[in-house]
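Novice: These are the residues of each chain, in order.
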Amino acid sequence: MALCVTCLVDTFYPQVGEAVVNVLRRLGVDVTFPEDQTCCGQPAYNEGFQRDATAVARRLIDLFQDAEYVVVPSGSCAAMIKVHYPKLFHDDPDMLAKAEELAGRTYELSDFLVNVLQITEAGASFAGKATYQESCHLLRELHVSSEPRALVQGVQGTELVEMDQCDECCGFGGLFAVRYPHISAAILNEKLQAVEATGADVVVSSDMGCLMHMGGAISRRGMRVRPMHLAELLDQREGRVTW
Amino acid sequence: MVTVRSAQFPKASAKAIQDPHLQRLLGRIMRQLRDARAMAVDDISEQEWELLRQRARDIKAEAINHLDYYLDLLDRSVRRNGGYVHFVRTAAEANETVLTIAKRQGVKHVVKAKSMVTEEIGLTAFLEREGIETVETDLGEFIVQLAQEPSSHIVVPALHKSRQDVSELFQRKLQTQPTTDVDELCGITREKLRERFVEAEMGITGANFLVAETGTVVLVTNEGNGRMTTSLPRVHVVVAGLEKVVPALEDVGVFLKLLARSATGQRMTSYTTFASGPRGPSDEDGTEEFHLVIVDNGRTKLLRDEELREALYCIRCGACSNVCPVYGKVGGHAYGWVYSGPIGAVLAPVLTSQKQAKHLPYASTLCGACRDVCPVKIDLPKLLLRLRQHAAEGGPQGRRINTWMERLLVRRWSGAVRTRQAMERSLGLARLLQKPLLRSVPVPLRGSWTKDRDFPVVASESFHHLWKARLGRTES
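Residue numbers (the working numbering), protein chains in the order written: chain P, 8 to 250; chain Z, 1436 to 1911.
These are computed hints drawn from the structure, not numbers from a lab.
None of the hints are false.
Calculated pairs, DSSO-like style, for lysine-lysine (alpha carbon to alpha carbon, straight line, at most 30 Å):
id, chain 1, residue 1, chain 2, residue 2
1, Z, Lys-1627, Z, Lys-1538
2, Z, Lys-1817, P, Lys-105
3, Z, Lys-1812, Z, Lys-1793
4, Z, Lys-1812, P, Lys-105
5, Z, Lys-1538, Z, Lys-1608
6, Z, Lys-1903, P, Lys-105
7, P, Lys-94, Z, Lys-1812
8, Z, Lys-1886, Z, Lys-1793
9, Z, Lys-1790, Z, Lys-1450
10, Z, Lys-1790, P, Lys-94
11, P, Lys-94, Z, Lys-1793
12, Z, Lys-1692, Z, Lys-1817
13, P, Lys-94, Z, Lys-1817
14, P, Lys-94, Z, Lys-1736
15, Z, Lys-1817, Z, Lys-1736
Using the sequences plus the hints, can you model the full thing?
Specialist: Here you go:
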């Protein structure tokens, strides 16, 4: 299985990538990492620069052409590969076939654990309350929602508490948050009120985009709740806290 | 003409967010509409709901893909029923057409039912300027007309007004006694409007659906004003966008199930009016003259673009706005045009101008909630992306209009992710720069992102380094 770690994890959150590797290895998965990978192209794609995104997509398709499975610890980047790559090559039959073939063996992390490995208990243990924020693209483009929850509930000692409107966007939206910081922050504010109302110790998501966004305001405000990627939660062991 | 202020979106949205009164109303009403819709949809099985959505989409696709055929059929059906049909290209032509009918009939008073297309073309203001008293009879529209404000939601035009606001407005404009009792406020409106209905010589409505096969106009309302508008005045004028046509009467049933649930969370609205032309020789009552004005006003531009064409499937239920996190914070006025929310952001660049509406395709997190609730399954995020693409690279809907700054950033990004080595160089540079500027890096982010949120620090060791140094060497 080849890990597509995503540029956000690579650049800002290497510990999340490490947690992904730890969890998969503990489950007996042989993890490889194509070292030339950079980004899936989503930033350019979402801004409308399809030509730039296509060049990056072409590169990623080549890099992962030999992997049996590609696992991505991000709903958004997985959706980029699975849903949007084929659209980029709609008028290039050769590349389209390759893109569709890659889409078929690419999985977001929780999707891979639950639906390929058939695992909901990854051997983690964490005493505390967790609330789950849906990643919009994981939920609405890949329709993965029960899988991460099952994994959270499979962590020994963790109680899953649902927040109000857990399926509403946190207001990130990539460059949206930079273009319209006031709107983005207003949406985020409501999200954090919902998080806080649960009394959760950690807010878990399957995407570092959402967590970077929520985490940025959580640290600014000195809130008690900690943002945590699902992989980090699944990597928690008795007596070992990584945050 | 209608004033479009979409170019003001950045400022107008900021103002909306700082308006606590609006925020309270949006917070409460959006929630109510969302919950009501969810309950009404739960009322039928998920499987049936999905079947209905797909069927509705198929019907719309059939009608829009063969628009020439169905508009021609509609034209013949309406004329067979004794009505007149007017095909108009622009807003100005539409207004002139209605005015000509009014003048010929000696009309001095008009009552109007709620209609988005008449707001789009500015018909009410136009007729008033021409000396014809024109009164909105939908409660929400009546309120915003009194307040001389545009409506702020496709279905709930006076969403931005509280009961207290309406009470004060009525006291000021109608010299009524202070009351915030909803029944009393409705009573006042009803009393005022009855006189208008009686004296009006012309009733103007929109159309939720135009049935090609029978020439029937279908109106979906809750207050009964639609029915009075279509039956009391001597002349009934229907103004409708050309996308409203559906092939057959039986198609309407599919949409009725979807529309009321999606818009207001009702199983069915209080009134569903079917009007098929003027009274016949054997009818005891009904209008004497019936006109159907079919408006293009830029819609054929959507028709020409195969990818954007599905925007014409919209049945104006407002569900996309009700679930949109952006609309939920900025409200309808910020969009600066009659159609707001996600569908407004799609329609505006095509129906107004790409330049005027340049901000709107970006006023979305692309969360996709709108696509999931759309009763005709319009892929709104896809359409927003398409419009962004036109702005970035040029396309059928416009020229390349993004700024040099955006192009520069994307070029820098493209260069940085082209190879691993290039990315390492960029990361190295970012690490150097972020030290002195820590937490307010990089320039385009300063003061925007970092006003309310910390920005993460580029890790001293990327995941790549971790992999090379440690992780990749470990045996699994």
